Amino acid sequence: MAKTLYVDLTSRAIRARETDPELLQTYLGGRGYAARLLYDNVGPEVEPLSPENWLIFSAGVLAGSGWPTGSRSCVTAKSPATGVYGYAHSGGHFGPAIQLAGYDAFVISGRADTPVYLLVHDDRVEIRDGGDLWGLTTHEVEHTLTHRHPGAAVAGIGPAGENLVVFASVMNDLNRAAGRTGMGAVMGSKNLKAVAVIGTRPRRLPAAFLDLAKRQSAYLRGHGNLGLLRKYGTPGIIGPKNAIGDLPAKNHQLVQFPAADRMDGEAIAAAARKKLACYACPIACSRVTEVESGLYQCLVEGPEYETIDSLGPMVWNERLDVLIYANLLCNELGLDTISTGVAIAFAMELRQRGLLDDAEFSLEWGDPDSIIGLIRAIAARRGRLGELLARGVREAAAALGGDAPQYAMQVKGVELPRQEPRIAKTFGLGHAVANRGADHLYGLPTLDLAGWKDAAREIFPDLYPEILEFGNERYRANVLVYSEHYCAITDALGVCKFSANETFALMPRDFAAALTAMGRTFTDTDLLLAGERIVNLERMLNVRQGLDGTHDVLPERFTREPAVVATDGGRGEVKHTSVCDLPAMRGDYYRLREWDDHGVPRPAKLKELGLDG
Amino acid sequence: MRLVIDPVKCTGCQLCTIFCSVRHRGLVDPTRANIVVLAQHRLHRRVPFTCFQCQDAPCQAVCPTEAIVRDTKTGALVVDGDLCTACGLCTEECPYGNMFLFPDDSAATKCDLCGGAPECATVCPQGAITVDDGAQPGATADIDAALAAARRELDSDPIRRRAG
Numbered sequence: 001m002a003k004t005l006y007v008d009l010t011s012r013a014i015r016a017r018e019t020d021p022e023l024l025q026t027y028l029g030g031r032g033y034a035a036r037l038l039y040d041n042v043g044p045e046v047e048p049l050s051p052e053n054w055l056i057f058s059a060g061v062l063a064g065s066g067w068p069t070g071s072r073s074c075v076t077a078k079s080p081a082t083g084v085y086g087y088a089h090s091g092g093h094f095g096p097a098i099q100l101a102g103y104d105a106f107v108i109s110g111r112a113d114t115p116v117y118l119l120v121h122d123d124r125v126e127i128r129d130g131g132d133l134w135g136l137t138t139h140e141v142e143h144t145l146t147h148r149h150p151g152a153a154v155a156g157i158g159p160a161g162e163n164l165v166v167f168a169s170v171m172n173d174l175n176r177a178a179g180r181t182g183m184g185a186v187m188g189s190k191n192l193k194a195v196a197v198i199g200t201r202p203r204r205l206p207a208a209f210l211d212l213a214k215r216q217s218a219y220l221r222g223h224g225n226l227g228l229l230r231k232y233g234t235p236g237i238i239g240p241k242n243a244i245g246d247l248p249a250k251n252h253q254l255v256q257f258p259a260a261d262r263m264d265g266e267a268i269a270a271a272a273r274k275k276l277a278c279y280a281c282p283i284a285c286s287r288v289t290e291v292e293s294g295l296y297q298c299l300v301e302g303p304e305y306e307t308i309d310s311l312g313p314m315v316w317n318e319r320l321d322v323l324i325y326a327n328l329l330c331n332e333l334g335l336d337t338i339s340t341g342v343a344i345a346f347a348m349e350l351r352q353r354g355l356l357d358d359a360e361f362s363l364e365w366g367d368p369d370s371i372i373g374l375i376r377a378i379a380a381r382r383g384r385l386g387e388l389l390a391r392g393v394r395e396a397a398a399a400l401g402g403d404a405p406q407y408a409m410q411v412k413g414v415e416l417p418r419q420e421p422r423i424a425k426t427f428g429l430g431h432a433v434a435n436r437g438a439d440h441l442y443g444l445p446t447l448d449l450a451g452w453k454d455a456a457r458e459i460f461p462d463l464y465p466e467i468l469e470f471g472n473e474r475y476r477a478n479v480l481v482y483s484e485h486y487c488a489i490t491d492a493l494g495v496c497k498f499s500a501n502e503t504f505a506l507m508p509r510d511f512a513a514a515l516t517a518m519g520r521t522f523t524d525t526d527l528l529l530a531g532e533r534i535v536n537l538e539r540m541l542n543v544r545q546g547l548d549g550t551h552d553v554l555p556e557r558f559t560r561e562p563a564v565v566a567t568d569g570g571r572g573e574v575k576h577t578s579v580c581d582l583p584a585m586r587g588d589y590y591r592l593r594e595w596d597d598h599g600v601p602r603p604a605k606l607k608e609l610g611l612d613g
Numbered sequence: 001m002r003l004v005i006d007p008v009k010c011t012g013c014q015l016c017t018i019f020c021s022v023r024h025r026g027l028v029d030p031t032r033a034n035i036v037v038l039a040q041h042r043l044h045r046r047v048p049f050t051c052f053q054c055q056d057a058p059c060q061a062v063c064p065t066e067a068i069v070r071d072t073k074t075g076a077l078v079v080d081g082d083l084c085t086a087c088g089l090c091t092e093e094c095p096y097g098n099m100f101l102f103p104d105d106s107a108a109t110k111c112d113l114c115g116g117a118p119e120c121a122t123v124c125p126q127g128a129i130t131v132d133d134g135a136q137p138g139a140t141a142d143i144d145a146a147l148a149a150a151r152r153e154l155d156s157d158p159i160r161r162r163a164g
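Protein sequence lines correspond, in order, to chains E and V. With my numbering, letter number 522 in the first sequence gets 522, and the count goes up by one each step, no holes. With my numbering, letter number 5 in the second sequence gets 5, and the count goes up by one each step, no holes.
Take these hints with a grain of salt, some might be off.
Stated by the list, open to error - Calculated cross-link-like contacts (lysine to any residue; reagent style SDA-like; alpha-carbon spacing at most 20 angstroms):
#1 Lys9(V) <-> Ala218(E)
#2 Lys9(V) <-> Ala269(E)
#3 Lys575(E) <-> Glu469(E)
#4 Lys231(E) <-> Gln126(V)
#5 Lys231(E) <-> Asp6(V)
#6 Lys9(V) <-> Leu228(E)
#7 Lys231(E) <-> Lys9(V)
#8 Lys231(E) <-> Val8(V)
#9 Lys9(V) <-> Arg273(E)
#10 Lys9(V) <-> Gly222(E)
As the list claims (entries may be wrong) - Simulated coverage check for chain V against chain E, where a stretch passes if three residues somewhere in it have a Cβ under 8 angstroms from a Cβ of chain E:
#11 13-21
#12 29-43
If you're looking for bench data, these hints aren't it; they were derived computationally from the structure. What you are looking at is a predicted structure, and each value in this text was computed from that prediction instead of being measured. All C-beta atoms, glycine included, are put in the ideal place defined by N, C-alpha and C.
With the rest of the complex left out, here is chain E:
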């Protein structure tokens, strides 16, 4: 049985307890387990950057098990961006180390009086002096700690987290980001620079499970739905998204980018030097790209799709070298690339409209000096604009006043991920209602957008083929509800969505089979119910602090200003325009979820899910 590690940085007390198996059955583990711990132990009165907040690193049972793509871990805390539920997750090799060291989670409370790092080597746990690490970039910290502790997996923060930037990330494996909702700031507020884990405990798993894992790995290796990811990684979706108007640009003033082919799948492939994979992954979507010479010369694992749109079209940057370098800089400084790009785009639109100017940065669309300079300024909280944007676009807009809030692309304090709500409507609904703020991975509703016909027919036999019409608000809520439950499952089990939610190569029944082969009784219905329970628990965590349907909104741009989609990737004639009818979809969503008109789960639903205690 794996354990949960409790570390209090104030008292420096360390203890490990066997994880309650009932909690793992009910909430599966990973994200679900951490959400339950947060709900039970971090009350509404706790300030996110105070010692009373909990920072929980958790990995689901399939992470580090040999199950293909079982590599993911989660960082959970009350978020300084939203003030309510926050979490971020990442791939690489950190999650498996947690499980291989014998743990389901590390629960970190309190605040160290001086900078420290946590070292976990199986049962041996130490809080170590981190004075020589404070101020280092995430890469410098990782190189230092892997040299000092050979074989360690490291998760750490950079200067942005130390400076409590509200969208600071936690980085592992150099360039793998647990980026969203400011978990890096929570870590910085605790004076915790890094967590280093060496896991060498064998995992005794049933032969039936290991056989299944091996067969599923071979199955995924050749699966047709994974072709684009295998060949190009996430940059492969740039071209198709641009064609339909789902490539937001200039802070969502436009939805297509004429220079998209400078940073699409082929362009990234040409700049790529290496393919890398996360733990136990047969897909290997990741690319290490290089800028060979010039001011932006560098090598980085990335950029991924979200980063490309954030630091490319959103800020009207057409230069791949600037994009790659900006990605590396964000990673080294420990900044979420999505929030950073959206924050810079916000500033650039304000300048465009005469609402902002700055002595240091021109803020002209696409200006490399502004982009790179602002990344550094935000991480350091330096200068008027660096300090302002480090608070996130919601607070920055509030501080500026006037019309500024109209141009802040955020929901609940989290900068919008890179889907266009007026075109990818299920994503639009998802961004509005997600419990951790605007989030593309809370639901990742690709069923209709990518047109996975077989899965759609199987999951929604009575709504097929209308269920696939992603531009029509009707039935989008049906897609989203299912997708959110499936995402909760994969986040709780520690597997990558690319094997499952993104492509439907694997279905919930495959994970039920995995858990059953492990000796735990689950059907796919059980799993989807657990997913529903996790989403409702997260909702109640927010409701408890006064959030409700009035917060499930989108910036007015999406409901009021039509998106204009043209032929030829935006260069040609106008094909059509579209807005997002959020209220219609939201009403459907609450009804399907059996929540009231204010977006609050009804007592009967909570009772059904065992959340009424």
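Add chain V to chain E, keeping to what the hints say.
Structure of chain V alone, referenced to chain E:
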């Protein structure tokens, strides 16, 4: 039989180490596999690395109980668990670090080519590990020369020079 390793194709996924440990230990125990994946993080390189089944094997020569024997079918050097006394001399003698003696183990462990169907090659999703059925084990001198050549190639890599 010989394993053919192409580091350029290796993505560092660790499926080889995971399923080697499953095959030989019946556990998910990748830190005690008979193959390792060397990582050079600054250059993002990954290199699967395991026994060369040397023709003139130093491990076999030093073993005081003649516990390391050649499998004539595969050409692999295999540890006979009944003869091995876990003295550890082989782990000191192998110039490449491919002999292992883990605490709590009663015998040394090494790559044995899985009796003819190497698990690592079977599970590798990238074709970074393949099998050359007809190849004979090489002499350590040849292995040393190949490793030195690989090192020179690495040192001359333009990416290495720039990334520093």
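Quick rundown of the hints versus the structure:
| no. | hint | result |
| --- | --- | --- |
| 1 | Lys9(V) <-> Ala218(E) | holds, 17 angstroms |
| 2 | Lys9(V) <-> Ala269(E) | holds, 15 angstroms |
| 3 | Lys575(E) <-> Glu469(E) | holds, 17 angstroms |
| 4 | Lys231(E) <-> Gln126(V) | holds, 12 angstroms |
| 5 | Lys231(E) <-> Asp6(V) | holds, 19 angstroms |
| 6 | Lys9(V) <-> Leu228(E) | holds, 18 angstroms |
| 7 | Lys231(E) <-> Lys9(V) | holds, 13 angstroms |
| 8 | Lys231(E) <-> Val8(V) | holds, 16 angstroms |
| 9 | Lys9(V) <-> Arg273(E) | holds, 11 angstroms |
| 10 | Lys9(V) <-> Gly222(E) | holds, 17 angstroms |
| 11 | 13-21 | holds (count 6) |
| 12 | 29-43 | holds (count 7) |
Consistency with the previously given hints is maintained throughout, with no hint failing.
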